[in-house]
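Once you've looked at the hints, dock chains U and P against the given chain S.
Residues per chain, in single letters:
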Amino acid sequence: MANIKRSPWLLHYDGSSCNGCDIEVLACLTPVYDAERFGIMNTGDPMQADILLITGGINAQNQPTVRQLYEQMPRPKVVVAVGVCACTGGVFKDCYNILGGADTTIPVDIYVPGCAARPQAIIDGIIQAVDLFQKRLDEHHEKKKQKKSGNEVKANG
Amino acid sequence: MSTTKIILVICYILFAPLIGGLLDGFDRKISAKMQRRVGPPLLQPFYDVIKLFSKQVIFVSRYQIFFLLSYTVLIILTGVMFFAGTDILMCFFVMSTGATFLYFAGMVTSTPYSTMGANRELLQMMAYEPAVLLTCVGFYLAEGTFNVGQIASSNVSAILYLPGFFIAFIFILTIKMRKSPFDLSTSHHMHQELVKGLTTEMGARNLAIFQVTEWYENVFLLGVVGLYIINCNPYSLIAAVLVVFATYFLEILIDNTSARVKWDTMLKVSWGVTLFTAGINLIILMII
Amino acid sequence: MVMPVVPFLILFPLFMACLMYLIRNDNVRKITAFIGAAAIMTAVGILTAQWSAGGCQVMTLYTETPLADHVILAAEILLMCVVTILCFEYHKYWISLLSILPTSGMMWLELSGSKIASSCHVYIDRLTILMCLIVGVIGGLIVIYATGYMKGYHEHHKDLKDRSYYFTALLFLFLGAMFGFVLSESLLWIDFFWELTSVCSFLLIGYTREKEAIHNSFRALWMNLFGGCALAVGILLFAVYQNSISLHELVTCCQINQFLVPSGDSTALGVPSIAIALIAFAALTKAAQLPFSTWLIGAMVAPTPSSALLHSATMVKAGIYILFRLSPAMYGTMTGSMIAFIGGFTFLATSLMAIAQSDGKKVLAFSTISNLGLMVACAGMGQQETIWAGVFLMIFHAISKSLLFQDVGATENSLHSRDVEDMHGLLYIMPRLAMFMFIGIAGMFLAPFGMLISKWSALRASIDERNIILVIFIVFGSATTSFYWTKWMGKLISHTHLTEKKIPEVTRPTELLSLSVHAVLMVLLCILFPLLSKVYVNPLIEEMFGSVTDVLPNNVLIMLSFIILLVFAVPFVSYVYSRKVTFNRKGSYMNGVNYGDNRSFVDSFGERKVLWLSNDYFRNIVGQRKLMKPSQIFTASVLIVMLVIIIGGAAV
Numbered sequence: 001m002a003n004i005k006r007s008p009w010l011l012h013y014d015g016s017s018c019n020g021c022d023i024e025v026l027a028c029l030t031p032v033y034d035a036e037r038f039g040i041m042n043t044g045d046p047m048q049a050d051i052l053l054i055t056g057g058i059n060a061q062n063q064p065t066v067r068q069l070y071e072q073m074p075r076p077k078v079v080v081a082v083g084v085c086a087c088t089g090g091v092f093k094d095c096y097n098i099l100g101g102a103d104t105t106i107p108v109d110i111y112v113p114g115c116a117a118r119p120q121a122i123i124d125g126i127i128q129a130v131d132l133f134q135k136r137l138d139e140h141h142e143k144k145k146q147k148k149s150g151n152e153v154k155a156n157g
Numbered sequence: 001m002s003t004t005k006i007i008l009v010i011c012y013i014l015f016a017p018l019i020g021g022l023l024d025g026f027d028r029k030i031s032a033k034m035q036r037r038v039g040p041p042l043l044q045p046f047y048d049v050i051k052l053f054s055k056q057v058i059f060v061s062r063y064q065i066f067f068l069l070s071y072t073v074l075i076i077l078t079g080v081m082f083f084a085g086t087d088i089l090m091c092f093f094v095m096s097t098g099a100t101f102l103y104f105a106g107m108v109t110s111t112p113y114s115t116m117g118a119n120r121e122l123l124q125m126m127a128y129e130p131a132v133l134l135t136c137v138g139f140y141l142a143e144g145t146f147n148v149g150q151i152a153s154s155n156v157s158a159i160l161y162l163p164g165f166f167i168a169f170i171f172i173l174t175i176k177m178r179k180s181p182f183d184l185s186t187s188h189h190m191h192q193e194l195v196k197g198l199t200t201e202m203g204a205r206n207l208a209i210f211q212v213t214e215w216y217e218n219v220f221l222l223g224v225v226g227l228y229i230i231n232c233n234p235y236s237l238i239a240a241v242l243v244v245f246a247t248y249f250l251e252i253l254i255d256n257t258s259a260r261v262k263w264d265t266m267l268k269v270s271w272g273v274t275l276f277t278a279g280i281n282l283i284i285l286m287i288i
Numbered sequence: 001m002v003m004p005v006v007p008f009l010i011l012f013p014l015f016m017a018c019l020m021y022l023i024r025n026d027n028v029r030k031i032t033a034f035i036g037a038a039a040i041m042t043a044v045g046i047l048t049a050q051w052s053a054g055g056c057q058v059m060t061l062y063t064e065t066p067l068a069d070h071v072i073l074a075a076e077i078l079l080m081c082v083v084t085i086l087c088f089e090y091h092k093y094w095i096s097l098l099s100i101l102p103t104s105g106m107m108w109l110e111l112s113g114s115k116i117a118s119s120c121h122v123y124i125d126r127l128t129i130l131m132c133l134i135v136g137v138i139g140g141l142i143v144i145y146a147t148g149y150m151k152g153y154h155e156h157h158k159d160l161k162d163r164s165y166y167f168t169a170l171l172f173l174f175l176g177a178m179f180g181f182v183l184s185e186s187l188l189w190i191d192f193f194w195e196l197t198s199v200c201s202f203l204l205i206g207y208t209r210e211k212e213a214i215h216n217s218f219r220a221l222w223m224n225l226f227g228g229c230a231l232a233v234g235i236l237l238f239a240v241y242q243n244s245i246s247l248h249e250l251v252t253c254c255q256i257n258q259f260l261v262p263s264g265d266s267t268a269l270g271v272p273s274i275a276i277a278l279i280a281f282a283a284l285t286k287a288a289q290l291p292f293s294t295w296l297i298g299a300m301v302a303p304t305p306s307s308a309l310l311h312s313a314t315m316v317k318a319g320i321y322i323l324f325r326l327s328p329a330m331y332g333t334m335t336g337s338m339i340a341f342i343g344g345f346t347f348l349a350t351s352l353m354a355i356a357q358s359d360g361k362k363v364l365a366f367s368t369i370s371n372l373g374l375m376v377a378c379a380g381m382g383q384q385e386t387i388w389a390g391v392f393l394m395i396f397h398a399i400s401k402s403l404l405f406q407d408v409g410a411t412e413n414s415l416h417s418r419d420v421e422d423m424h425g426l427l428y429i430m431p432r433l434a435m436f437m438f439i440g441i442a443g444m445f446l447a448p449f450g451m452l453i454s455k456w457s458a459l460r461a462s463i464d465e466r467n468i469i470l471v472i473f474i475v476f477g478s479a480t481t482s483f484y485w486t487k488w489m490g491k492l493i494s495h496t497h498l499t500e501k502k503i504p505e506v507t508r509p510t511e512l513l514s515l516s517v518h519a520v521l522m523v524l525l526c527i528l529f530p531l532l533s534k535v536y537v538n539p540l541i542e543e544m545f546g547s548v549t550d551v552l553p554n555n556v557l558i559m560l561s562f563i564i565l566l567v568f569a570v571p572f573v574s575y576v577y578s579r580k581v582t583f584n585r586k587g588s589y590m591n592g593v594n595y596g597d598n599r600s601f602v603d604s605f606g607e608r609k610v611l612w613l614s615n616d617y618f619r620n621i622v623g624q625r626k627l628m629k630p631s632q633i634f635t636a637s638v639l640i641v642m643l644v645i646i647i648g649g650a651a652v
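Protein chains in written order, with my numbering: chain S, 1 to 157; chain U, 1 to 288; chain P, 1 to 652.
Worth flagging that the hints you see were computed from the coordinates, not collected in a lab. None of the values given here were measured: they were computed from a predicted structure. Some hints here could point you the wrong way.
When the alpha-carbon atoms are kept at most 30 Å apart in a straight line, the in silico DSBU-like pairs for lysine-lysine are as follows [claimed, not checked]: (1) S:Lys5 - U:Lys33; (2) P:Lys586 - P:Lys609; (3) S:Lys145 - P:Lys580; (4) P:Lys211 - P:Lys626; (5) S:Lys148 - P:Lys586; (6) P:Lys626 - P:Lys92; (7) S:Lys135 - U:Lys29; (8) P:Lys158 - P:Lys30; (9) S:Lys135 - P:Lys586.
Isolated chain S, as found in the complex:
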């Protein structure tokens, strides 16, 4: 089974955030935090991404966009909600246009709290996401194997 833990590529989407978390996300990639030592790369392209980092809450306008980007990512994929707005809607929760956190639209796996989330916390969240990423692949292979052996049993029977 392939070890895919060492190459998580990110897609970073800015919902209706105040940009605080976004700056922190980009800070992760600077020489100070150097996320690339874990193989983390920031791609701008959902087709090539493994982990979706989403900042800010979901509003009516960006909901279809978030859904689409999530759809375009190939499996296995993991979603990390960065910052309290992405987790729950945060201070904007009761605004007329905010629907809530990212989990109102797509399944979120990891929640990274903070306003704004610190780079250390973000990297920690990504590392947790990476474990989940590997687990999903393993599960997928397991299922495939079972399906195959199930078929063989059927054929034998």
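Quick look at chains U and P alone, frame taken from chain S:
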């Protein structure tokens, strides 16, 4: 074909991706060091490719994989022809046919970023082709043959006759290796105005195939750099390897110290450099 | 030896032309044209068979032909009258002078005295046979294509009067003229057929009788007649000087002179070298080289069959043919360098201009001029290798250009546009036509098709010749050439903008027949390339130069066949593979704002915007308006200076 040639070809087919990947790893490591970072592990490019292969296979256009595979095979063929010591001009012709297929792979999706990237890829081809052909012309003038085997076993290194051609070739190598300031068609670093350019619609396995092909191509191109140095003296092999490494380092340095230019600057500069350095060298060689 | 097939080839098309003009029933004319084309192709076959039965030797026929000479003189005068009347009708009085002057010169030469030594009038060697095959096979196919095409053309252009009978008649007339031209050895005959092809081209360009067409047709006329004048002067000079009107004698005479002046001082070669320079100059006008390129671009207003037949596959090749004939005499002379320079420059300049064109036929026109430039350069260098390359360029160019022109014509009839931008996704709308176009374009520049190999050897030959400028021209020109072709191919395969709209294809069976034969020929020639080189082209070079060395080394040939196999096999295998693989289809990446499909997105007002993708054209940088005038002025001054030097040097 002699046995050494066959061994060389088999080595190329088997080990070129390994060498290319390792070089890529070095590239990322050195770049990180230049930016005072720790950087990814040396084997990071392999981890990436393995991951890409194990992901769900996706496509935007069904025919993209068809063009990509053709691209791959033609690039491998280019390298095989080169290391088998055949005609260098033919090698480059096959290479540009391969590059055309890459362009098709970008065009076939008919999506905005991919198409724009493909258009720029085509411009890059136009920018580097004269220098590539002139390289062959230079070899022919210096050694009297297009045959790679004969060029490699000449008495004197070709670079002594062809310094201008060498500079032109190194210059367009920056385009060919998709290094800044000429990484117009695909952006290898972060997200930029073209997203991922030509490779935007390549996810998972398609991207992995593209990546491996790039490695094959880089090894071939560095082989051409080595061809400038190599002669019948076995020690020249060591010199060639050193020059190849130096060239690669130079490319990394250029990559890290320059910002991307517009297409017309690329075209003008690369044609200008080609005309100037290779042209002067050509005149001197032809007159002598 | 008497070969009745030779006069048949010249006269039968004339007869067919009259017949075409008289038959006004479309179906009857179609069948007759079909039969006529078939007869011409058979006749060419018989000619080839007879000639090869005779051991593929050089044949010289018809030494004494006083009757034919007089008929041709009469015809020439008739031609002059026609041109003069037309010029007066459209108030272009001065153009008629360009016809009257050379004709009167020829009349004087023929009637003033009989001092001209008699020689053969028909000369058949490999180059002649090759030209006959090109003219016969491609010409025949184009005539067949034209019968179907003209119907679609007039359905598409309802405002024009249907004069298909006149059009087909002219096509046949042209075929006759072309056969006459390539078979003739007598310079007088060559001159006549030369003028006849010019006039045919003129009449065909003006077919629609629209303002632009008439304007362009007169431009083509004066440029070609101007070349004809140079040709006539060249012939007169030589005839008076040497008392001979044999083309080969001219070449030998010049070669001997060169031999006598071993210092290589090419200016002291006397009258024959002036004659050669003038005839070569005439060939430049015929081959639409700069500064005379504009006539061929203007000629694109004519219906497509005439563009395919005259303005890319055959008539313009007449210029190349005559240059090939002269090339042994031009080797190493000032004339040779002039021709090579003009050819090389045209190759680069027009391929740059082709980038800025989006009209399919214009692209083809520019690329025709550009490729002709390469052939002209090959002829100008006048070496074995270059002629070898030039002959291959000619063969491949004739077939793929004819295929492309016909295909663009057929596409226009269905799509009602011949703009490359409108061909976006043609592969999904009209797969057959797109495939043909793909083959044709691939034949023009991709490895391993013949054009590329020819470029390979042209490049090598110019290095061997130490011709720096030409090396630079070829190197940069081939980069720009691949740019505009690849761009076009990319357009064809892109997923279509027009998924909703279905466009009915109105291609007729005759058109498809011609297209398929062309495509098959293209691929066959590509596969049989090494064989063709060994069996036919090498002996052709031997005939011209007396000796031959293999231009392509054996290992390259072996590699070539290997590449051919791979290049055909790889896409096939990966295509089969790509059909079988199961994928998960995703929408394309448009920042997550796709509007359901890959064709449109949501704009900032929440409304649907349809995507429209376009190629790069750089009109402001390499456009025709930007580059044409300067390069015309440049080449014209180069030509004038060099001609003055050649003529002045020889006369002193």
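Verification of the supplied hints:
no., hint, in the structure
1, S:Lys5 - U:Lys33, "holds (23 Å)"
2, P:Lys586 - P:Lys609, "holds (20 Å)"
3, S:Lys145 - P:Lys580, "holds (22 Å)"
4, P:Lys211 - P:Lys626, "holds (25 Å)"
5, S:Lys148 - P:Lys586, "holds (27 Å)"
6, P:Lys626 - P:Lys92, "holds (28 Å)"
7, S:Lys135 - U:Lys29, "holds (28 Å)"
8, P:Lys158 - P:Lys30, "holds (20 Å)"
9, S:Lys135 - P:Lys586, "holds (24 Å)"
In summary, this structure violates none of the numbered hints.
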